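> Chain by chain, the residues run as shown.
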Amino acid sequence: MHIWQFMTDHRAKCLMLTWEHIWMVTIALVIAIGIGVPMGIVITRHEKAAQKVINIANVLMTTPSIALFGIMLPLLSLIGQGLGKVPAITALVLYSQLPIIRNTCTAIQNVPAELVDAARGLGMSTWRRLREIEIPLSIPVIVAGLRTAAVMNIGIAAIAAYIGAGGLGVFIQQGIARVYGEMIVAGAVLVSLLAIVVDTAMALLEKLVTPAGIKIGRKHIDE
Amino acid sequence: MIRYEKVTKIFGFGGKTVTAVDNVSFEVEKGDVVTLLGPSGCGKTTLLRLTNRLIPITRGKITVDGRDIMDTDPVKLRQSMGYAIQAVGLFPNKTIYGNIATVPRLLKWDKQRIQRRADELLTMLRLEPEKYRDRYPAELSGGQQQRIGVARCLAADPNILLMDEPFGAIDPINRVGIQDEFLRVQAKLKKTVIFVTHDLQEAIKMGDKIAIFDQGHLIQYDSPEMILTRPKNKYIADFVGADRGLQVLGLRKAKNAMVEAPYRLIEASTDTITALKFLRDNELNHATVIEKERPMGYVTPSMLKEKDGLVKKIAKHYPIQIYPYDSLKDVLSAMLMYNIRLLCVVDENHKLLGTISLEDIQTSIMEIYHQTQKDHFQCISGNL
Chain A
1 MHIWQFMTDH RAKCLMLTWE HIWMVTIALV IAIGIGVPMG IVITRHEKAA
51 QKVINIANVL MTTPSIALFG IMLPLLSLIG QGLGKVPAIT ALVLYSQLPI
101 IRNTCTAIQN VPAELVDAAR GLGMSTWRRL REIEIPLSIP VIVAGLRTAA
151 VMNIGIAAIA AYIGAGGLGV FIQQGIARVY GEMIVAGAVL VSLLAIVVDT
201 AMALLEKLVT PAGIKIGRKH IDE
Chain B
1 MIRYEKVTKI FGFGGKTVTA VDNVSFEVEK GDVVTLLGPS GCGKTTLLRL
51 TNRLIPITRG KITVDGRDIM DTDPVKLRQS MGYAIQAVGL FPNKTIYGNI
101 ATVPRLLKWD KQRIQRRADE LLTMLRLEPE KYRDRYPAEL SGGQQQRIGV
151 ARCLAADPNI LLMDEPFGAI DPINRVGIQD EFLRVQAKLK KTVIFVTHDL
201 QEAIKMGDKI AIFDQGHLIQ YDSPEMILTR PKNKYIADFV GADRGLQVLG
251 LRKAKNAMVE APYRLIEAST DTITALKFLR DNELNHATVI EKERPMGYVT
301 PSMLKEKDGL VKKIAKHYPI QIYPYDSLKD VLSAMLMYNI RLLCVVDENH
351 KLLGTISLED IQTSIMEIYH QTQKDHFQCI SGNL
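Protein sequences appear in the order of chains A and B. For the first sequence, counting from 1, position 30 maps to 30 in our numbering; every step adds exactly one. For the second sequence, counting from 1, position 312 maps to 312 in our numbering; every step adds exactly one.
The set of hints was computed from the structure by calculation and includes no laboratory data. Keep in mind that a hint or two might mislead.
Covered stretches of chain B, going by a simulated chain A footprint (3 or more residues, C-beta under 8 Å) [stated by the list, open to error]:
{"hint": "1", "stretch": "86 to 98"}
{"hint": "2", "stretch": "102 to 111"}
{"hint": "3", "stretch": "253 to 260"}
Computed far set for chain A versus chain B, every beta-carbon distance over 10 Å [stated by the list, open to error]:
{"hint": "4", "residue": "14"}
{"hint": "5", "residue": "35"}
{"hint": "6", "residue": "125"}
{"hint": "7", "residue": "128"}
{"hint": "8", "residue": "147"}
{"hint": "9", "residue": "152"}
{"hint": "10", "residue": "155"}
{"hint": "11", "residue": "185"}
{"hint": "12", "residue": "217"}
What you are looking at is a predicted structure, and each value in this text was computed from that prediction instead of being measured. Virtual Cβ for every residue (Gly too), placed ideally from N, Cα, C.
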C-alpha cells in the first residue's frame, strides 16, 4: 500500500491540507448562505426579478471553474488579490448561489397556498409569517441546497490549487507536475473522502432540521 | 355591526377586468350569523376577503362598529377577526396547541393565559386537551382538523368571525355533527359571523340571515324563512329549489307547531267508560294518557270500546317522544315512519309540554305562507 505509506509519512501535511480545504469550503459556504438565502427569499416576493436572478446564477454555475478563475484573475488583480484564497473563495461563493437560491426560492413558493392564506388571515405580518411558517417548512429543502453546494465546492476547491489557494488540490497538482502517483492518488482519495463525509453529515442535518409535524405527516402518507 | 356600503371589487387592469363584487350594500347585526350563499364565482368569498383586507376594496366602504376598515392597520384588523377557511390551513410544523395559540401569541398574551384558553377551546369542541394538545395536525382526521381550525379562529375571542366554507372539506355525516357543534357554541358566544357556503342546506341551518349572490350582485338578503317562502325572483326560487316547502319544515321547530297542554288529555287513573265519553263528547279520535305529568301513551275510541278498568292498562305507548327544538321535518318523518298522526312534545324531564299532530304541522306551515311580514319577523325572533 504505497498510498497508505505516503499518507502516514506525510501525516502532518495531509492534515494541514485537509484542514485548509475544509476551511476554504466552510468560509465560502457561510458567505454563500448569507447572500443566497436572503436573495432566495426576496425573489419570492418579486416574480419578475426571480427569473433574472436564477438565470444569472445558472450562467455562473455553467461556467467551467478554470475559466472562472481565469476571468477573476485580472479583475481581482486590481485589488492585488488575483491569486490565492480570495479568488478561490469568491468562485466557490458564486458557484453555490444557484443551488442555494433556487432551493430557497422553490421551497418558499411551495409552501401550500392555504397556509399562507390562513397565516395572513389570522393577522401574521410578512416577517412573522416567514419566521414561523415559511422558513421552518422550507428548511429541509434549503439544507438540501446547501448539501449540493457543499459537495460541489469540495470538488471545485481542489481545482483552486492551480491559482495557489492551497487545500488538497495541492497534492494532485504537485503530484501531476512531479509525476508522483502516490501523491496524486492520496489527494484524490482525501478529497473524495471529504466529499462523502460532508454529504453524509448534511443528509443527517437535513433530517434533523425537518419539523416534527412534517415527519409525522410523511410517515402517515407512507402508510 | 358590519356595514357594507356600495362595495365594489374589480380584479385586473385595462381591458381585462372582472367585477367580482358589484355595488353591494347590507348590514350584519351584532350577534347574527349571516351566510353568504351562491354558486362559485358569485363573489361571496371575495366579499369575505374584502372584510379583513386580504384583498383591497376597489370602491365603496366597509365599516365595523362605525369605523372604516381602511383606518385600521390590516394586520391589526385581521387579528381582531377570526378567520377559518375550507382548506383549514393548520400549520403542519406546529402542534395543535401551537396552532390554537397563533393569534393570542400575536397579541402577546402571557403563556398561562394562552394555555388555559387552548384547553378551554379544545374542551368546548369536545376534543380532550390532554390527548390532543401536543399532537400535530397530520395525526388528526379531517373532521378533527376542521374543529381545530374553528378553535384557532376563536382563540383570541374575537367579536367577528369570518368563515369561508369552514366545514366544506368534511364528509356529509360528520359535517352535520360539526354544524350542530358550532351552533351550540355560537348560542353561548353570540359572535357576529359571516359564513360563506355554496350549500343551501347549510346556509339555512347556520344563518340567522342569508345573503344570496349572483355574478357579484346581492340578489336577496333575508331570513331563511323569507328566502324559502318569498323568494324575490326566479333566480332565488330556482336556487332554493322546488322542495322549498319541505325545507321550511326543516326550519320550524316542534314548539312552534305544538298544541300546548292541557288539551286532549286523560289521566292514567281514569276508567275506560269515562274516557270513551270524553273522546266522544269532544269528537276526538285520539287522546293522550298522562301519569305524573308525563305522557304514558294514548288511547283511541276503538281501543276503549267494550273494555273495563283503567285506561293505563289499555293505553298504547308512543313509539317516540319529541323535544321542543326538534324540527318539523323530523317530527313529520317520525309520524310517517311509525304510522301515527299525533305525538307528544316533552321537556328534558319527560314532562308533557304539548302535543303535535299532522294537522298542526300543516297549519304551522300555512301560517308562514300567509302571515304578514311584520308578524313573520316576530315569529322568527321567537324562534331563536
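> Now tell me, hint by hint, if it's right for this structure.
Do the hints match the structure? See the list:
1. Here's how the stretch 86 to 98 of chain B fares: 9 of its residues keep a CB closer than 8 Å to some CB of chain A, so the rule of at least three is met and the hint holds.
2. Under a criterion of three residues with beta carbons nearer than 8 Å to beta carbons of chain A, the stated coverage of the stretch 102 to 111 of chain B is upheld, 3 such residues being counted.
3. Given a C-beta distance limit of less than 8 Å, the hint that chain A covers the stretch 253 to 260 of chain B is violated, as 0 residues qualify and 3 are needed.
4. Every CB of chain B lies more than 10 Å from the CB of residue 14 of chain A, the least distance being 43 Å, so the non-interface label holds.
5. For residue 35 of chain A, the shortest C-beta to C-beta distance to chain B comes to about 26 Å, beyond the 10 Å cut-off, and the non-interface label holds.
6. Residue 125 of chain A, annotated as away from the interface, has a beta carbon of chain B within 10 Å; the closest lies near 5 Å.
7. A Cβ of chain B approaches the Cβ of residue 128 of chain A within 10 Å, the least distance being about 7 Å, so the stated non-interface status is violated.
8. The claim that residue 147 of chain A lies off the interface holds: its Cβ sits roughly 21 Å from the closest Cβ of chain B, which is beyond the 10 Å cut-off.
9. Every CB of chain B is more than 10 Å from the CB of residue 152 of chain A (nearest about 29 Å), matching its label as outside the interface.
10. Distance to chain B confirms residue 155 of chain A as a non-interface residue, since its nearest Cβ pair spans about 34 Å, more than 10 Å.
11. Against chain B, the non-interface label of residue 185 of chain A holds: every CB pair exceeds 10 Å, the least being about 46 Å.
12. Not every CB of chain B lies more than 10 Å from the CB of residue 217 of chain A, the least distance being 4 Å, so the non-interface label is violated.
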